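If you read the sequences in order, they're chains A and B. The first sequence begins at 1 in full-length UniProt numbering and counts up by one. The second sequence begins at 1 in full-length UniProt numbering and counts up by one.
Rather than coming from a laboratory, the hints here were simulated on the basis of the structure. Predicted, not measured: the structure shown is a model, and the values here were computed from it. Keep in mind that the hints are not guaranteed to be accurate.
Copies of the same chain look alike in the list, so a pair counts if it fits in one copy or across any two.
As the list claims (entries may be wrong) - No more than 25 Å apart at the CA atoms, straight line, and that leaves these computed lysine to any residue pairs for SDA-like:
#, residue 1, residue 2
1, 342, 51
2, 483, 392
3, 105, 420
4, 342, 31
5, 342, 43
6, 342, 442
7, 57, 103
8, 105, 93
9, 476, 257
10, 169, 18
11, 57, 442
12, 58, 295
13, 391, 475
14, 57, 455
15, 106, 53
One-letter residues, chain by chain:
Protein chains: 2
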Amino acid sequence: MASSTGDQSQAVRNGLRTKVLTLHSMNPRVRRVEYAVRGPIVQRALELEQELRQGVKKPFTEVIRANIGDAQAMGQRPITFLRQVLALCVNPDLLTSPSFPDDAKKRAERILQACGGHSLGAYSVSSGIQLIREDVAQYIERRDGGIPADPNNVFLSTGASDAIVTVLKLLVAGEGHTRTGVLIPIPQYPLYSATLAELGAVQVDYYLDEERAWALDVSELHRALCQARGHCHPRALCVINPGNPTGQVQTRECIEAVIRFAFEERLFLLADEVYQDNVYAAGSQFHSFKKVLMEMGPPYARQQELASFHSTSKGYMGECGFRGGYVEVVNMDAAVQQQMLKLMSVRLCPPVPGQALLDLVVSPPAPTDPSFAQFQAERQAVLAELAAKAKLTEQVFNEAPGISCNPVQGAMYSFPRVQLPPRAVERAQELGLAPDMFFCLRLLEETGICVVPGSGFGQREGTYHFRMTILPPLEKLRLLLEKLSRFHAKFTLEYS
Amino acid sequence: MASSTGDQSQAVRNGLRTKVLTLHSMNPRVRRVEYAVRGPIVQRALELEQELRQGVKKPFTEVIRANIGDAQAMGQRPITFLRQVLALCVNPDLLTSPSFPDDAKKRAERILQACGGHSLGAYSVSSGIQLIREDVAQYIERRDGGIPADPNNVFLSTGASDAIVTVLKLLVAGEGHTRTGVLIPIPQYPLYSATLAELGAVQVDYYLDEERAWALDVSELHRALCQARGHCHPRALCVINPGNPTGQVQTRECIEAVIRFAFEERLFLLADEVYQDNVYAAGSQFHSFKKVLMEMGPPYARQQELASFHSTSKGYMGECGFRGGYVEVVNMDAAVQQQMLKLMSVRLCPPVPGQALLDLVVSPPAPTDPSFAQFQAERQAVLAELAAKAKLTEQVFNEAPGISCNPVQGAMYSFPRVQLPPRAVERAQELGLAPDMFFCLRLLEETGICVVPGSGFGQREGTYHFRMTILPPLEKLRLLLEKLSRFHAKFTLEYS
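Pulled out of the complex, with its shape left as it was, chain A reads as follows:
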């Protein structure tokens, strides 16, 4: 308050009263929110792009945004079938055009039939178009080897982020020592830390094991939980599989152990499974939490509460801009589920074009459809290139002295560890920067490569990392990886 009064006198001297809304008077929870994926380093990248456009000389000709999992921004082309059907939905006059395949037209007509006024321009019900919820449920059943999924437990959302925030909102209660605690992995995707800060919940960190390719260790969950119980009421456990930013793909055994732990400790499970189509490593396989839970049988299958999230932004399609996604809830209390629907209804509905896109993603062309061959070829090409890029990333980084990189088993990121010389750490501290932020900023200024410091995701004290996407085209990625490795060598030399 002293500082706010200071502002006021300053303002009065300038002939202006203070603002009603200032840094001091605003929502303190919002002030505490951090979101590194679009943080200061990305702001600086934007400025550099502007300087380049204005003709300012730089040691590079373009800024490479390897900070965010945005495939199409990196040049990946949209899947033809998805965009054909969507264009038909947007402009149904095209349904008479001979330049669209029959199955695309049928799919568009089917989606439009399910829309209010047969138009993408009408609101849908708040949980999403019923037909699409049914298609999602069928997708889940196929994915999980026939284990049933109920469309009434599927809620469409504005990207997965929206659904994750909604479920976390339901869970937050209590004050002081009874405040809700939520276990999240470290490193994590910063949506979790940001949302918990905004909601005033307690973030309970459990560390993934870098020595074992970022595996999740149940004994570490125990440690985190016990420590947290002193000062909050832990009620939920978040898992990201395949891992963001780690690229780890969990084994079935690990998932079983996590479910047993959550059950015994009475924790609501949130499974962020948006990278379920992005598994590359030989021997790795995606197991959904839902499937493992159901196959474990009683008491888990009937009682353990679970929310599983998926998105149209990742996978092979990378349709980030459409903001499509869904959550499936399992064993959720019926009255709470009603409350969730009520909460969603305040925002009316998820974007309908994103819902339509999700429908196509969960029910792609069948082998007998005219669009099947092209769809399949495009899909496979994207996934094969991603697998090659995952391998390449691991390889190039591990050849560089002072950089070590776990295998990128899945998802779209590497999260390599970098050695930073003590003098660089000191220099960063003088500048008031996290040492890996200092490294990443210097990297950006000298090479134009934009990656996100590990401190934005969390990491063990004294270790330094960055997250880099594997999304640039293969040959460009190779150059980037080599450039980054050379920069690290130069940086190390400079501060040794």
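Position chain B relative to chain A; hints supplied.
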């Protein structure tokens, strides 16, 4: 807690432990949220539609959803130009097709050039595509007679709702007697009450004057503010113009008085102006708060904080499903504006198809463009029909005994007052229902007409209203209005 323990023993008897997340243990703020526009009456409407599909006999053949401002669901056709450009953006292969006008192609190319990877499938920056923010700023300047608008003060959003919630989030702080209070009109659009409940802010009601066509009276603002100051810290004032649900269009004098009041009382102004294109009454005109504020000169123009919201869901286009919208902030503290951007960045970006649509809405075809004539004709046809329907609604309701309806000067709703006989009020109380909810439920069951009870928006104690959209096609609307009036007469007779 007693009840929660009761649940637990019940569960143990059933061989099930309790859920982690129950009505008792969930976020109490979320539990308190209400949203009438999609509340129990709409749930019942959905059930009735299902029963009709299953062949259950009803005294009607279809449910008419006059509960929500969803033009295309009511049969309004999308504006051709908007959908042509959007289809081209979705599927750029169509850019070579001869069936699209040249200006549509140019517009699509211009939008795609501004997208990451030249695709709607890439994320945009969190504040929205820069080119579109610039187009929005130019729209505001034209609308406001040349008063400058800065694209850096424009933030695109997922419908207007998203932006309104974001600005309210910034404003919420304090505990107990220092909790943020927000003045909202009664009747209000329930997004406001729902959001304040969820954020734990204090809702401060000011009543609109039904006797003066729902005008906003500054002496009532004073009364509300003085009363509130005892138990909270009022920091913001929300105004909806044109009014939802009231249909009122504020005079310039009224807006000046509101601005003066907000300035003197140090209140942040939120102006919900999503119906700015929907003004029908002779003598009524839309004045933006921004324009009036700027024309009032110092000290207001340089100091009064204002956020103004707009949307693609209403107006002549009614593109609700695309979830496009924006907020322009005026005189916002620069550091707070940075915090707002940070908060938006956690959700990555508004849906890009909605951003593209917004661009077309704010910069429609120019008179020299090939698409101008058709665009203009379609736009005028929609607005002229809305004006006729506004007039018709007022007329038919005012001819019905026991119903009185203010002129629908703007927006998309009537909010008529209904007399309910004392025996109906008693019967409702026996059933634990608000009397107007009882009336609306009976109306729905007997006629299939779905309207929202006034209690969902707020009204003076002892008065009863409902909100009904003016969106059904003209002849259908006439039948509906007559049917509703007849039902009211019958209902009145039944309970007299």
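Status of each hint after checking the structure:
Proximity of residue 342 and residue 51 under a CA criterion of 25 Å is satisfied inter-copy only: 23 Å between copies versus 47 Å inside one chain copy. Within a single copy, residue 483 and residue 392 get their C-alpha atoms as close as 14 Å, which meets the 25 Å cut-off; across copies the closest is 70 Å, which misses it. Proximity of residue 105 and residue 420 under a CA criterion of 25 Å is satisfied in neither setting, with 56 Å inside one chain copy and 51 Å between copies. Taking the closest pair of Cα atoms, residue 342 and residue 31 come within 25 Å of each other only across two copies (9 Å); inside a single copy the shortest separation is 28 Å, beyond that limit.
Taking identical chains as interchangeable, the C-alpha atoms of residue 342 and residue 43 lie at most 25 Å apart only when they sit on different chains, with a minimum of 11 Å there against 36 Å within one chain. In the homo-oligomer, the alpha carbons of residue 342 and residue 442 lie at most 25 Å apart only across protomers (23 Å), although the nearest pairing inside one protomer, at 48 Å, exceeds that limit. In this homomeric assembly, residue 57 and residue 103 never come within 25 Å of each other (Cα to Cα): the closest approach is 51 Å inside a single copy and 37 Å across copies. Proximity of residue 105 to residue 93 under the C-alpha cut-off of 25 Å is found in both arrangements, the shortest distances being 11 Å within a copy and 16 Å between copies.
Taking CA atoms no more than 25 Å apart as the test, residue 476 paired with residue 257 passes in neither setting, with 40 Å inside one copy and 60 Å between copies. For the identical chains of this complex, residue 169 and residue 18 are inter-copy neighbours only, at 20 Å across copies versus 33 Å inside a copy, given an alpha-carbon limit of 25 Å. Taking the closest pair of Cα atoms, residue 57 and residue 442 come within 25 Å of each other only inside a single copy of the chain (16 Å); across copies the shortest separation is 73 Å, beyond that limit. For a Cα distance limit of 25 Å, the shortest separation of residue 58 from residue 295 qualifies neither inside one copy, at 57 Å, nor across copies, at 45 Å.
In this assembly of identical chains, residue 391 and residue 475 lie within 25 Å of each other by CA distance solely inside one copy; the values are 13 Å within and 65 Å between copies. In this homomeric assembly, residue 57 and residue 455 never come within 25 Å of each other (Cα to Cα): the closest approach is 30 Å inside a single copy and 64 Å across copies. Taking the closest pair of Cα atoms, residue 106 and residue 53 come within 25 Å of each other only across two copies (23 Å); inside a single copy the shortest separation is 45 Å, beyond that limit.
Hint check: violations occur at hints 3, 7, 9, 12 and 14; the rest are consistent with the structure.
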